[in-house]
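Q: Sequence:
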Amino acid sequence: MRKIIFFTAVSSFLLIGIISVKAQKNADHKVKKILYFNPEVEPDIEEIKEPTNHAFFSAVSDNFSGRRNTMLRAEVQIPFDSIEKQTITDYCVNNDADFAIVPKVRYFKVGIGKYVFSNQVVVSMKLFDAGGNLVTETDYDTYRKNMRLLGSTENSIKIGTDGAIKGILKKLRKLKHSEGAEL
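To convert, note that position 138 of the sequence shown is 138 in the numbering used here; the numbers rise steadily by one, no gaps.
I should point out that these hints are in silico values taken from the structure, not numbers from a laboratory. Glycine is no exception: its CB is placed at the ideal position from the N, C-alpha and C atoms. A hint or two may mislead.
[Said to hold, decoys possible] Calculated lysine-lysine pairs in the DSBU-like style (CA-CA distance at most 30 Å, straight line): (1) Lys33 - Lys174; (2) Lys3 - Lys85; (3) Lys49 - Lys176; (4) Lys166 - Lys85; (5) Lys176 - Lys104; (6) Lys3 - Lys171; (7) Lys3 - Lys176; (8) Lys171 - Lys104; (9) Lys3 - Lys49; (10) Lys104 - Lys170; (11) Lys170 - Lys49; (12) Lys3 - Lys104; (13) Lys49 - Lys174.
[Unchecked claim] Derived Cβ-Cβ restraints for the label pairs, each shown as a range: (14) Ile83 - Asp162: 44 to 54 Å; (15) Phe108 - His54: 46 to 56 Å; (16) Ile18 - Asp162: 38 to 48 Å; (17) Glu46 - Leu172: 13 to 23 Å.
Using the sequences plus the hints, can you model the full thing?
A: Set out below in structure tokens:
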């Protein structure tokens, strides 16, 4: 009788130990590295690119502060409409990233003049996996979705970026539930 109790106790401790090790491996596996490129800015005016990049990455870093994912930044701008699969794959492999996001910020043009802009923006993002395959894409229009008429352009970029990230996460959840696979 003592041998049976001893054998049961030892086997249950081993089983609990193996299960806890598997749980630790799964928790570490869920941390994903996401590579962000500099956003393509439309219209292509050099003076607005740097403030746009600063506001965009400020919003991205604020969004990732409460999440388990890690943000990586590439100081390269990739054209939003003509993205090569091999380029995305190379950047993901070189930066050890699981996903890559290619963003675009489009300013509304208002008025007759060449450089008169509104503070409204449309932030578009495309999410690629490490193999360079398009997973999902989204855009966020700060005027239509938030009805912001007043405020700074920097805040509009931050709101648009936050909305686009939430849109991508929402679409990922839908894809994950419909496919049953983990992204």
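Q: Take the hints in turn and mark each one as holding or not.
A: To see whether the hints hold, each was checked on the structure:
1. Lys33 - Lys174: Between Lys33 and Lys174 the Cα gap is close to 21 Å, so the pair holds against 30 Å.
2. Lys3 - Lys85: Violated, at roughly 62 Å.
3. Lys49 - Lys176: With a Cα-Cα distance of about 35 Å, the restraint between Lys49 and Lys176 is violated, given a limit of 30 Å.
4. Lys166 - Lys85: 24 Å, holds
5. Lys176 - Lys104: Measuring from Cα to Cα gives roughly 25 Å; hence the hint holds.
6. Lys3 - Lys171: This hinted pair is violated, its Cα atoms lying about 55 Å apart.
7. Lys3 - Lys176: 48 Å, violated
8. Lys171 - Lys104: 18 Å, holds
9. Lys3 - Lys49: 74 Å, violated
10. Lys104 - Lys170: The hint holds at about 19 Å.
11. Lys170 - Lys49: 28 Å, holds
12. Lys3 - Lys104: With Cα atoms ~68 Å apart, Lys3 and Lys104 exceed 30 Å; violated.
13. Lys49 - Lys174: Violated. Lys49 to Lys174 sits at ~33 Å, over the 30 Å cutoff.
14. Ile83 - Asp162: 44 to 54 Å: For Asp162 against Ile83, whose Cβ atoms are near 23 Å apart, the range 44 to 54 Å is violated.
15. Phe108 - His54: 46 to 56 Å: 20 Å Cβ-Cβ, so the 46 to 56 Å window is violated.
16. Ile18 - Asp162: 38 to 48 Å: 41 Å, holds
17. Glu46 - Leu172: 13 to 23 Å: The hinted range 13 to 23 Å is violated for Glu46 and Leu172, with Cβ atoms some 34 Å apart.
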